[in-house]
Amino acid sequence: MPVIEYKLHAVDSGQALQAPHWVIDGGNWYNPADKTLVGWTPAEGDRAYYVPDTVTTLTKAELNTRMLAIHAITKYQKRTAVERDSNGDPIIPENYSDTFEDMTEAEVTTMSNDWYDTFVGGK
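Residue numbers for the sequence shown follow my numbering, beginning at 1 and rising by one.
Do not rely on the hints blindly, as some may be mistaken.
[Said to hold, decoys possible] Label pairs and their calculated CB-CB ranges:
no. : residue 1 : residue 2 : range
1   : Pro42     : Phe100    : 31 to 39 Å
2   : Glu107    : Arg84     : 20 to 28 Å
3   : Gly88     : His21     : 26 to 34 Å
4   : Pro52     : Ser86     : 18 to 26 Å
5   : Val11     : Arg47     : 17 to 25 Å
6   : Asn113    : Pro32     : 40 to 48 Å
7   : Ala16     : Tyr49     : 17 to 25 Å
8   : Thr54     : Val11     : 13 to 21 Å
9   : Ile24     : Ala106    : 24 to 32 Å
10  : Gly88     : Val55     : 20 to 28 Å
[As the list claims (entries may be wrong)] Derived lysine-lysine pairs resembling BS3-like cross-links, with alpha carbons at most 27 Å apart:
no. : residue 1 : residue 2
11  : Lys78     : Lys60
12  : Lys35     : Lys75
13  : Lys35     : Lys7
14  : Lys60     : Lys75
15  : Lys75     : Lys7
16  : Lys7      : Lys60
17  : Lys35     : Lys60
18  : Lys78     : Lys35
Simulated from the structure, these hints should not be mistaken for lab results.
Even for Gly, the Cβ is constructed at its ideal location relative to N, Cα and C.
Please work from the sequences and hints to get the whole structure.
Quick look at the structure:
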């Protein structure tokens, strides 16, 4: 299953946007710089419909490069360890954003590889 980079299509005379109908499980890893998203579509031999030639297919290395470029501008974040009270319930800080921290480049690469392997291997 090819992992693809695509843009949304205008519908309702441009009043709304939606994923193209040939995108399966799209909406992943939005890039605000060029307004693209990532999803997948069946390989050409496995589908009976047209996908434009302008759609970019991403290898694992290309997805990593894309993810790290996004991360360089807008950091991906992960939830930090949350303190718990004596009952084991989470103690939520006053400022909820304090429960997140920036991911490292290695963590982004691992996240990208895991996602790619799940989509390519599991579809």
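Pairwise hint evaluation, Lys35 against Lys78, where the allowed Cα distance is 27 Å at most: Holds: Lys78 and Lys35 sit about 23 Å apart, inside 27 Å.
Range hint 13 to 21 Å (beta carbons of Thr54 and Val11) holds or violated: holds (19 Å)
Outcome of range test on Cβ distance (Pro42, Phe100; 31 to 39 Å): Given about 36 Å between the Cβ atoms, the range holds.
Arg84 and Glu107 - C-beta distance against the hinted 20 to 28 Å: holds (23 Å)
Satisfaction of the hinted span 17 to 25 Å by the C-beta atoms belonging to Ala16 and Tyr49: Check passed, 22 Å falls within 17 to 25 Å.
Agreement of Lys75 and Lys7 with the hint, judged by alpha carbon distance not exceeding 27 Å: holds (22 Å)
Hint check for Val55 and Gly88 - Cβ pair distance inside 20 to 28 Å: Distance hint for Gly88, Val55 is violated at roughly 48 Å.
Agreement of Lys35 and Lys7 with the hint, judged by alpha carbon distance not exceeding 27 Å: Roughly 7 Å between the alpha carbons, so the hint for Lys35 and Lys7 holds.
Pair hint Lys60 and Lys75, alpha-carbon separation not exceeding 27 Å: With Cα atoms ~20 Å apart, Lys60 and Lys75 stay inside 27 Å; holds.
Distance restraint evaluation - Asn113, Pro32, Cβ atoms, bounds 40 to 48 Å: violated (23 Å)
Proposed proximity, Lys75 with Lys35 (alpha carbon, max 27 Å): holds (17 Å)
Outcome for the supplied range 17 to 25 Å, where the beta carbon pair is Val11 and Arg47: holds (22 Å)
Checked against the numbered hints listed earlier, the structure breaks hints 3, 4, 6 and 10; every other hint is satisfied.
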